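Asker: Could you slot chain B onto chain H? The hints should help.
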Amino acid sequence: MKGKNLLGNTLLAAVVGGACLIAVLLRTFAPAVILPGLDLPMLALLSLIALTAECYLAPKSDRPWVLAVLLGGATFALLPWCAGLADGETVWKLFLAGAAVYGGGAFLYGSMSRRLSATPAGRLAPAVSAFVLFLGCQALAGLF
Amino acid sequence: MREYGKPLAALAVAAVLLAGARFGLAGIARSNAEAEQTAMMAALLPGSSSFTPEEYGGEDENIAAVYAGETGYVVETVTDGYVGEIRLLVGVDASGAVTGAVVRQMEETFGLGGRAASDTGFLAQFLGTAGDAAVGENVDALTGATVTSKAITKGINSAAAFVTGADVSSGATEWGDWE
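First to last, the sequence lines map onto chains H and B.
Read in this note's numbering, the first sequence has 42 at position 42, and its numbers run on one by one without any break.
Positions in the second sequence are counted from 1; adding 1000 to them yields this note's numbering.
Only true hints are included.
Straight-line Cα separation of at most 25 Å, SDA-like style, residue types lysine to any residue; simulated pairs: (1) H/K93 with H/F134; (2) H/K93 with H/I49; (3) B/K1006 with H/W92; (4) H/K4 with H/A53; (5) B/K1006 with H/I49; (6) H/K60 with B/A1010; (7) H/K93 with H/R27; (8) H/K93 with H/L70; (9) B/K1006 with H/S61; (10) B/K1006 with H/L11; (11) H/K93 with B/E1085; (12) B/K1006 with H/F95; (13) H/K93 with B/Q1105; (14) H/K60 with H/F107; (15) H/K93 with B/A1010; (16) B/K1006 with H/A53; (17) H/K93 with B/R1087; (18) H/K60 with B/L1008; (19) B/K1006 with H/G18; (20) H/K4 with H/A125; (21) B/K1006 with H/V91; (22) H/K93 with B/D1080; (23) B/K1006 with H/D62; (24) H/K60 with B/K1006; (25) B/K1006 with H/L57; (26) H/K93 with H/L40; (27) H/K4 with B/L1008.
Simulated from the structure, these hints should not be mistaken for laboratory data.
If you're wondering where the values come from, they're calculated on a predicted model, not measured in any experiment.
Excised from the complex, chain H in its bound form (with noise of 0.2 Å):
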């Protein structure tokens, strides 16, 4: 366990957070507002944008994988049930979809961000994997 950390879990914890209080807030003072539902492209949105955060704060960082997935899915099913985004109903399906989704993310790209940051223009290798990353989730998504 020694090195590992759980800082990706923190700031998706955040993430995910800001985002349920920014749809409280919308749904409050601007019910007119369409709000986006919690799919698996906004899963992944919420997810890559942590692990961005992460790879810029801690590049070296590695996880307890079991206790992130874990940790990821019950992020995504207890913080929009308590922002009043998913019934009981949904929340089971939030925790699955959200731990597959942060999951497998975190994995692909780790993978991807480690060999993008080798090159001389590796400062925006984050931030450019994460976008590669969510275009291909969002073209995933629509197949289904």
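Answerer: Chain B only, in chain H's frame:
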């Protein structure tokens, strides 16, 4: 081990803050939503300012709610789009002509079907129709979003058919099925 407590603490703090915001703002959210809905319905149905919910007991599964105004009805419809459900509010005057339509909720693809919510040119095509809107005939579909366009057409035709009394099994509201 202490390191592992941070994400749990962050999660707990975020959960408490969100629950507090949700329940603390619930009253304001409810009154704002009601005021916005009334203003939206008044814009969709010119000449009407107050709306009374009416129970809908018909067979059309696309109709979710009906509100009676002084000059006609505002009908809330729900149809299946490309990604998920599309919820519309449609104003229909007493003669059965559509006076306005607005997308209230959708999850369609950003840049494709999602444009239906803001493309006034697309939605304006339905003004004056009376259950006879048809993509490819008197309605041009949004580029790259035929399914979304048909779903919206279906909802608007259902709303008009409610007022005109058209038989929902006659095809007036079944039009748009692509399966």
